[in-house]
Each structure stands twice: as structure tokens, then as C-alpha cells.
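Participant: One-letter residues, chain by chain:
2 protein chains.
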Amino acid sequence: MEKEIIVQKFGGSSVANIERIKNVAQRVVSYKSKHTDVVVVVSALGDTTDELESLAFQLSSTPPDREMDMLLSTGEQISCALLAIAIKELGHEAISFTGRQVGIKTDKTHMKARIITIDGKRINKAFKDDKIVIVAGYQGVTSDDDITTLGRGGSDLTAVALAKALRAKVCEIYTDVDGIYTTDPRIVPDARKIKQITFDEMLEMASLGAQVMQARSIEVAKRFNIPLHVRSSFSKEEGTMIIKETEKMEEIAVRGVTCNKTEAKITICSVPDKPGIAAKIFGEISKQGINVDTIVQNVPHDRLSDISFTVPKADLNKAIKATQIIGSRIGAGEVLEDRNVARVSLVGSGMRSHSGIAARMFKTLADAQINIGMISTSEISVSCIIQQDLADKAVKSLHKAFKLEQI
Amino acid sequence: MEKEIIVQKFGGSSVANIERIKNVAQRVVSYKSKHTDVVVVVSALGDTTDELESLAFQLSSTPPDREMDMLLSTGEQISCALLAIAIKELGHEAISFTGRQVGIKTDKTHMKARIITIDGKRINKAFKDDKIVIVAGYQGVTSDDDITTLGRGGSDLTAVALAKALRAKVCEIYTDVDGIYTTDPRIVPDARKIKQITFDEMLEMASLGAQVMQARSIEVAKRFNIPLHVRSSFSKEEGTMIIKETEKMEEIAVRGVTCNKTEAKITICSVPDKPGIAAKIFGEISKQGINVDTIVQNVPHDRLSDISFTVPKADLNKAIKATQIIGSRIGAGEVLEDRNVARVSLVGSGMRSHSGIAARMFKTLADAQINIGMISTSEISVSCIIQQDLADKAVKSLHKAFKLEQI
Chain A
389 MEKEIIVQKF GGSSVANIER IKNVAQRVVS YKSKHTDVVV VVSALGDTTD ELESLAFQLS
449 STPPDREMDM LLSTGEQISC ALLAIAIKEL GHEAISFTGR QVGIKTDKTH MKARIITIDG
509 KRINKAFKDD KIVIVAGYQG VTSDDDITTL GRGGSDLTAV ALAKALRAKV CEIYTDVDGI
569 YTTDPRIVPD ARKIKQITFD EMLEMASLGA QVMQARSIEV AKRFNIPLHV RSSFSKEEGT
629 MIIKETEKME EIAVRGVTCN KTEAKITICS VPDKPGIAAK IFGEISKQGI NVDTIVQNVP
689 HDRLSDISFT VPKADLNKAI KATQIIGSRI GAGEVLEDRN VARVSLVGSG MRSHSGIAAR
749 MFKTLADAQI NIGMISTSEI SVSCIIQQDL ADKAVKSLHK AFKLEQI
Chain B
389 MEKEIIVQKF GGSSVANIER IKNVAQRVVS YKSKHTDVVV VVSALGDTTD ELESLAFQLS
449 STPPDREMDM LLSTGEQISC ALLAIAIKEL GHEAISFTGR QVGIKTDKTH MKARIITIDG
509 KRINKAFKDD KIVIVAGYQG VTSDDDITTL GRGGSDLTAV ALAKALRAKV CEIYTDVDGI
569 YTTDPRIVPD ARKIKQITFD EMLEMASLGA QVMQARSIEV AKRFNIPLHV RSSFSKEEGT
629 MIIKETEKME EIAVRGVTCN KTEAKITICS VPDKPGIAAK IFGEISKQGI NVDTIVQNVP
689 HDRLSDISFT VPKADLNKAI KATQIIGSRI GAGEVLEDRN VARVSLVGSG MRSHSGIAAR
749 MFKTLADAQI NIGMISTSEI SVSCIIQQDL ADKAVKSLHK AFKLEQI
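Those sequence lines, one after another, are chains A and B. Residues in the first sequence are numbered from 389 upward in steps of one, following the numbering used here. Residues in the second sequence are numbered from 389 upward in steps of one, following the numbering used here.
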């Protein structure tokens, strides 16, 4: 009988100290059996990555990316060695590997490299020796034999890519929450853990503010149809399965409510209503490397219209500057900024077959006396930009209106 | 014109914090020129290695050596990346490498691996690009692609081995003292820095208690005749050259006085004077992995003699136990221990051609009212085991008697 393979990924908070590393070791060995091989991917201990980064920035405000990768990759190497030691202490065979040692080849984009291939040879050899395999997350190696890292959250990507390469049955993502919730339980105590969610829904939720998993990893899992199980490293309870199609797909219209307070709104007033104007404005902003989200243009009045859009708060100043320059060049009016905005969204694949979700959302917000500033929709989500100080109220109202506490 | 190559090794205290790393960077770039390529070997920052070891020992009292190497090798990887960042910040080109990346191949003895070959390809390529090369000390890789470390002080060995492989002009060992002294300046304020010392003298001094450099590295430097320059990372002053033959070799009989307080003395009384008895005793002790140093056997009296020998204090209990077992088996008397001993030694290649050094040493100690318990000699050293609390007095008297403050 062929053995089943499980890939388990433990984040930094799961291995933040010696006690937690021991806890993870206990957990891992409980999954290893005659019929199951286990690969564990670990992140750096607690705040190690931040601490290493801080050392580098004390030496240079622009440390070279290649050297940063050399530096930061040590964090995961430390935790995988420690976990292997902890597992061996429990009387099980374990072996730790760096990303390079298990053949994770990447391109040469240091600090956010992309995985090109994985050669699972060393892992399969370790499986033959019945060893639990521990892999340093977040890292790979270029064809020039330079160490690379995969960007923040890159250990998720290591886990998913290994699950694909090894044809694992499931890829478990252990974290400090016990799954994906219908909304943030700190805002709505009634929020329910979602048992199953589709890749598309999860991607939408991640891009709209839910911060459980790195979006790139979900995309890769989706592309290769690798089931993800997001669960807590501190309890044995089942978490949330992220899969291609959920059981009750047709019935459930709305899977969750998300809220994102990291954006700001820019409005450029009295823009002449000529073809190509929008292209000019957003071309200039994108040149600055700023991601624009929702864009709304008013119906023109006297051949002049107002254009509003949202950008990450961190990029607001740069975006305002760029908008002012292009605004004066095209003869537009003043440029306004608004930091007091939030994006509240409904997400659910069921929207494809259920109509009236958006209308019900608008009515719910209206009933709660919440004004909608901008609206944007995708195939499986509806978002409203509202005043930030009303965001929690909006989330509560929507969670209740769509009966998410009952799913 | 062919470029000259310098290898510089900086120990942990030289890179213990951000300011010191910047200091090392300044120092390194001052040596790089059109005509000189520089390879820098670095140890782990300050106490990093001890801290990593302590994490491992919190998980297991016997962490596997392979995993320890995976863990400990990160210390040097961190410091070499940081030094490369600091050098680039000064406007110079630099590139960091792990031991593996510069092709340091070792055997499979984890925690104390031996270097088999060094393939300098990547370093030579970096030289062609006019880069300063920073190499993580203390580590290599096996033919199975497992990371190894070279044992405590292994960064010295990395530096010497690289100097050999690259045919470097000199290998500079930067440390927190400014050279080798005629004796410990904390005991004798008049102690003088030695300008030149031979490999043999340095090896003898290291084995007799001087703790500046790892003995294995000196052996390798001797074998390949690589001049070592031991000097301070905090001053520009010349340190001590360790070379094959010093200039005034014939004139100077005694190069230095060393003192070692890490040994203890064991005496096994009333040993029957039969052939093969010594072999039995020391065979048993060596089976325990204990290194015995000086051995003295009294002239037998009534076919019984006392045998005394020294062992490291750390192994004393184990050695006493082994000695008692074998003692009762061969019908010997009681076993005595003495922790209050020290070894005081004179070292100098000139002893080969100067006679009477030992006699003058014994007279000096006698004049100072110091009793000699045991004596041992090598071709270039004389050692006396004396009472430990008289050791400093002995060192002072000998330093003065041999006029070492005047060399």
C-alpha cells in the first residue's frame, strides 16, 4: 500500500519559544504512522525575522536584497533544526533541511523569489528511512547557488509547493487562530468558524482584508487543486478546509463579511470629460508603484466630473503628490484626501446563482443609517466604501442580516 | 601584475555589535586596493553560538550532531551577511558566502569536521568582479550535502585553509588582544608582545595554556607554511607574526612562559612493579576518552612504586573512578587526587641549541621557594607541575630570570 503524505506548516507564533516547539513536536509525531509520512514546514521563531531585519537596517537604509536573503533565511534554518531536535527527543526519527537541500529552485528575484521547480529526491529518500522531514520555509536557491527568500508569508508557499511536488493528500496550515471565520470575531462575537470555503472565496476574502494566509499560496493551491486545512496549533479541533468546491455551494450565498481599514480615498475634482483622461491619471499613479483599488467617476456635469479612488494608506502621500501633478497638467480642480474610510465586503461563490445580494446589502446599510461612498463588485463579492468609524457597525449589521451566525 | 590576496579572520568579539561590525567594515575596505584582493572570514556575532547551543540543550541533553551543525552554522551566516551589508554601505562591492558556497568540502564528522578540499571558483569569480569576499567561518558541507561545522575555533581553520587554497600572501587573525605575549600580561605587567614566533613554538604555547588560536589551525598553517599575523581588530598596530623561522632564532632561548591551571593530579600509590602495569592503567583511562598529560613514576621501593599523572579537571571524577577500578584489580594502594596544581612552562625553539635552560628553570623556582611536583620536557619546552597558588609567583620569577621583558 502506498503511504499517504501530509504537509504541515507551522507559523512563527507556533514555534515562538521552547515550550511551543515541544508542543509542535508532540503534534507532528501524533500524525506520523506506518501509513503516513509527514513533512513539516516551519517559519522563523517568533519575531526572529523582524530582529534580523532590524540589524540590517541599523547598518544600511538600503541593504542589498541578496544579502538580506542570506541573512533572513537563517531564521527558518534555526527553527527547523530545533524542531528536528525536539522530535528526535521524543524518540522519533527526524531530519531537517534548508530550502536548497530539498531542491527548491527559484528565480533570481531576491526577497520575493518565485519557485520554479522542486526536486523531492532528498525528501523521498528520508521517507524511505521512515523519517519525519522538517523543511525550512520561505526560502530557495537560484541556479547560481544564491539563497533566495519568497517574501513575507513565504512559508505558506513552501508548504503548498511541497504538497504539490510530493502529491500530498492535504496541506495543513497551523496558525494562532483555529480557522477562517464568517467575520472577525473581535467585532462580531457571534462569528462562526467556516467549515469549508472555496479557493476563490478565500482569495477574495484575503484580498479584501482577511489576513490568515498569503494570497499567492492560495493561488498556487487553487491552480494545482491542493486542499488546504487552516487550523490552530494549540487545539486538536478541525479548522477550515479550503477546497475547490464546497458541499453546500449552491445553498450558501454569502460566506463571510470582511472589513479593511488600510485604504484611504483620494478625490480629484472637476476633471475635464475628455477621452484618455483616466488613463493619464492612473498611468501616472501606477508609475509610482501604487496599487489603486476601487475607482468611481461621477456622471459628468458641464463636461466636468469628479473621480474618486482608493489607495493603501501607506502610499497616500505619494499618491496625492502624483495626482496633484497630473491634475494641474490636465486642468482639473482640487485634490481631496479622506483617511476615514473602510471597505466592507460580502464574499460568497453562491452570489453567482443568487441575485439580489447587493441590493440587500445596500438596504441593510441604509437601515443602519450608514452612507455608502463608493461601490465595487466582483463575480463573488460586493464591497462598499463607508466611513471608517461606522465600519464595525456595518459588519455587525451585515453579519446579522445574512444570518451568518446560523451557518 | 598578479594581485596579492590577503585573508582576514575576525572573531566573535570583533563583530559583537553593530558598531564593531562597522569598524570591521572600515578596516577591511582600507586593505582592498587595485593590487590587493581581500577575503574576510567571520565568526558568529558575540555569544550567538552559545545562545543557539542553549536553545538546543533546552530541548534535549543529547541533540544530534547533524542538527546542531544545521543550527550553529547560522551564526556565521548572519555575521557574514551583515558584514557584506556594512561594506556595501561604505561604497565598496562585497559578497557574502556560506562555507558551502565557496566549496569547503568536509568529512562527515559533524561538530568537528575536517576540511577535505576547497574549490575556490566562486571566490575567484568574485575577485574578477573586484568584490571583497566575505565567508562564513567554521563550516563546510559533506559529499551528502549536509552542513558541517569544524569545532570551536573553527573559523581560524576556515581562514587558514582559504589562505592555502587561494595562495594568499598572509592570513591575518584579528582578535581582542593585540598579539602573542611573552606571558599573560595580567600576571606580569612587564610582559612583552612577541614580534615573531615559530609555528612550533606557537603550537607548544597553545597546548601549554596560551589561548589565542586554535591549535589545529596553527598545524595546518605550519604544514603549508602560511604566515599568520595575530593582531587586534581595535588598533592598527602590528601584532605577532607566526612563521616558519624567526629572524633571531638562534639567539633567543626562551620565547615565553605559559601557565595552565586546568589540570588536576592523580596519584595511585603502591603499584606492584611488574611489566605491563602502566599499560593496564593508562589503557583503562584512555578507554574513557580522557587525555592524560604528564606521567611520573617513582623509583620502586620494595617492588612497589607510586604513579602520578595529570588529567583535565573536567575529567577528574571519571578518571578517579577508572583508576580505582583498575587499581583494585592490579592490587595497588589508595588513589589520591590533587586539584591544587598548575603547569608552568618555558617555550622556545632556541632550547634546541641552548643547554641548561631546564636547570636554570629549576634553580629559579627553588630560589622562589616553589616546590616542583612533576617535570616534563619536549624538544622546545620544559614544564613543571607546581602548587596552583604559587603559579603566578612562578611565572613572574621565570619571566624575570629569563629577561623576557627585554626582548
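Simulated from the structure, these hints should not be mistaken for laboratory data. Keep in mind that the hints are not guaranteed to be accurate.
Since the list can't tell identical chains apart, any single copy or any two copies may satisfy a pair.
Stated by the list, open to error - Calculated lysine-lysine pairs in the DSSO-like style (CA-CA distance at most 30 angstroms, straight line):
| id | residue 1 | residue 2 |
| --- | --- | --- |
| 1 | 519 | 493 |
| 2 | 781 | 496 |
| 3 | 516 | 500 |
| 4 | 668 | 701 |
| 5 | 410 | 709 |
| 6 | 583 | 701 |
| 7 | 513 | 493 |
| 8 | 410 | 751 |
| 9 | 516 | 493 |
| 10 | 784 | 583 |
| 11 | 662 | 649 |
| 12 | 509 | 493 |
| 13 | 410 | 496 |
| 14 | 581 | 662 |
Participant: Each hint should be assessed against the structure and marked as holding or not.
Facilitator: Do the hints match the structure? See the list:
| no. | hint | in the structure |
| --- | --- | --- |
| 1 | 519 / 493 | both (23 angstroms within a copy, 25 angstroms between copies) |
| 2 | 781 / 496 | neither (46 angstroms within a copy, 63 angstroms between copies) |
| 3 | 516 / 500 | between (33 angstroms within a copy, 28 angstroms between copies) |
| 4 | 668 / 701 | within (22 angstroms within a copy, 80 angstroms between copies) |
| 5 | 410 / 709 | neither (51 angstroms within a copy, 37 angstroms between copies) |
| 6 | 583 / 701 | neither (33 angstroms within a copy, 63 angstroms between copies) |
| 7 | 513 / 493 | both (19 angstroms within a copy, 22 angstroms between copies) |
| 8 | 410 / 751 | neither (51 angstroms within a copy, 62 angstroms between copies) |
| 9 | 516 / 493 | both (23 angstroms within a copy, 26 angstroms between copies) |
| 10 | 784 / 583 | within (21 angstroms within a copy, 80 angstroms between copies) |
| 11 | 662 / 649 | neither (33 angstroms within a copy, 90 angstroms between copies) |
| 12 | 509 / 493 | both (13 angstroms within a copy, 21 angstroms between copies) |
| 13 | 410 / 496 | between (35 angstroms within a copy, 28 angstroms between copies) |
| 14 | 581 / 662 | neither (49 angstroms within a copy, 83 angstroms between copies) |
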